[in-house]
Amino acid sequence: MAIKKFVVGGFTDEPVLFEAVKKVRKAGYKIHDVYTPMPIHGLDKAMGLRDTSLHTAGFIYGITGTTTALSGIGYIFTNDWPLNFGGKPHFSLPAWIPITFELTVLFAAVGMVLTFCYLCQMAPFVKKHHFSLRSTDDLFVMVIECTSKTNEAELEGFLANTGAIEINTQHAETGWWLGRYDKDKKPFEQKNTAIA
Amino acid sequence: MALYKYESQVRPPLVDGNKDYHQITEDIVRPIEAKPGRLWWIGFLISLGLLSFGIYSVYRDVTYGIGQWNLNRTIGWGWDITNFVWWVGIGHAGTLISAILLLFRQGWRTGVNRAAEAMTIFAVMCAGQFPIWHMGRVWMAFFVMPYPNTRGPLWVNFNSPLLWDVFAISTYFTVSLLFWYSGLLPDLASVRDRAKLKWRKFFYGVTSFGWTGSTKHWQRHEALSLVLAGLATPLVLSVHTIVSFDFATSVIPGWHTTIFPPYFVAGAIFSGFAMVQSLLLITRKVLHLEDYITMEHIDVMNKVIVLTGSIVGVAYLTELFIAWYGQNKFEGWAFMQNRVNLYSPLGWSYYIMMGCNVLSPQIFWFRKMRRNLTVTFFMSVIVNIGMWFERFVIIVTSIYRDYLPSSWSTYYTPTIWEIGFYLGTFGLFFTCYFLFSKFFPVIAVAEIKHILKRSGENYKATMGEAEQESVETFAHEMAHAH
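Same order as they appear, the protein sequences are chains A and B. The numbers in the first sequence follow the working numbering, run straight up by one, and end at 192. The numbers in the second sequence follow the working numbering, run straight up by one, and end at 521.
Read the hints as simulated data drawn from the structure, not as lab findings. There could be a bad hint or two in this list.
Unchecked claim - Have a look at the derived ranges for each label pair, beta carbon to beta carbon:
#1 B:Ile321 x A:Ile163: 44 to 50 Å
#2 B:Ser289 x A:Trp77: 55 to 61 Å
#3 A:Ile163 x B:Val49: 49 to 55 Å
#4 A:Trp77 x B:Asn367: 34 to 40 Å
No residue lacks a Cβ here, since even glycine has one placed at the ideal position from N, Cα and C.
Put together the whole structure using the sequences plus the hints.
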């Protein structure tokens, strides 16, 4: 990804944050993201984010599980190795319901969690830039991306007017990199200096 | 008045004291950052001791075979399967609290769900030990997996409840683990961002997967939790249903009963809540979390205990009635002679079960009792003793005197290695729980913050003003709250 310049404003109160998000968007600034210590219902709508399709993915994984179980057991018990259990039919659907159900749930759950981690780019040893360490504690951190036209001083003043308490400007890598949180090494920055 | 969230004052607060977001992080993360106290070490070492004894018992079992246990031709399932069903049952409360109560939008789950889910995972781990080591030749345990093997390929029997169990328990374990861990991610990030020590930054950095708290991530996280809850709800009901099929689909008198699935599920929730009570009463005391696991939580859980205990009681009586009404001689014998008859060799176990599970929880009809910590703790232990005896009654009293009097085995007693194995799973359970309570936030920090402005004691006070307002003003404010 790329290193960009951001103006960061911290808020402590949700109603103030909601108002600020509205004002910032109205003024035409581009909100990079808002980092919050807990889910805030309605904030995604206020920021104009679209709904997640994770549910749909979950449904697809689920029916994959159903199909896997039914076709697998069906094939094994009618074609591959038909066993005779007390003269009962080889194709005995009711007896397969429990396993079919379990595999549906298993596929849906595992698939959704993996998709969640992929979409959010999360895994062990993944490191990202944190605009404020308090954003996992008690601060709602609004991050606004600066373009070539942005006047930072003006933007900082604008944020202060909306009720932000901690305002600063940061240069940050927007993507993730492999790293450890006890070490500050950033592979991307080194690469940049090497090229220059 | 800017009203962000509203909940009627009639509902008692779920977070006591004058809290703000930072204070919540402080209170819940502090025990992780402090050195463990003397009580923690004592408990942890006792658990490790029990675990070692359990490992030695299992070693004896593997080396000399399951003849080390006092099982015999009539009693093929004794303590081991009793313990298995008991632990699986305990493992049901966590997912019930986290999934079903999430779907029902019960705010009080936030205080107890994390610890209850952890308990679920550890209990299922303990439960899994019993069928695995009961196999005897445990190195062939992978035979339960359906894979194209070199034996034909001879497949597993997909029509057998024992195989359904394999799928149910392993799916349940996996889904509970994913649910628990995905909920932990934001809280581990909270610990990471406060960390001062190097190893802590490293450890919580790795375990929090680089969580940032981005709005989009929270949106997906909420969707994930909701769908996982929707999946886990039928799953939790299916697991004990399938465990009950192990018995209900057989032809053994006393097991061959259609009432088993709902009766087992109610019993599982009953014993699970009792275990949650035992653990949380200690946890809140030792870690000083009385503001988050309040009297309200304990009261509500005791209500669940009296409800499920009564459902179980109805099931016991229905079973008994049908045994008489059905007029099947063998079924009648299993109930009237092997169980109800106090003077039969194991008749006493039926009365322990009835006393502990049906009669004693009835004291929770009284509010004073529900809010008495000593009574609650005592009852939580009693309920779990009762539920252990329920499984013992179902399993052993149904088979120890069966159709053929010459094969009766009237005095089944476990050997020291059978008991050792059971104690060992206590060791495993508590070792895991002690480590969990030391290294992970025992309460879901982000979820408590989420309900704070609605259910926190200091915010409750401001709801009064809202209730005095005219309907029009109130509706206007709520509509424009965001």
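Do the hints match the structure? See the list:
1. B:Ile321 x A:Ile163: 44 to 50 Å: holds, 45 Å
2. B:Ser289 x A:Trp77: 55 to 61 Å: At 25 Å between Cβs, range violated.
3. A:Ile163 x B:Val49: 49 to 55 Å: At 41 Å between Cβs, range violated.
4. A:Trp77 x B:Asn367: 34 to 40 Å: holds, 37 Å
Hints 2, 3 from the earlier list are contradicted by this structure; the remaining hints agree with it.
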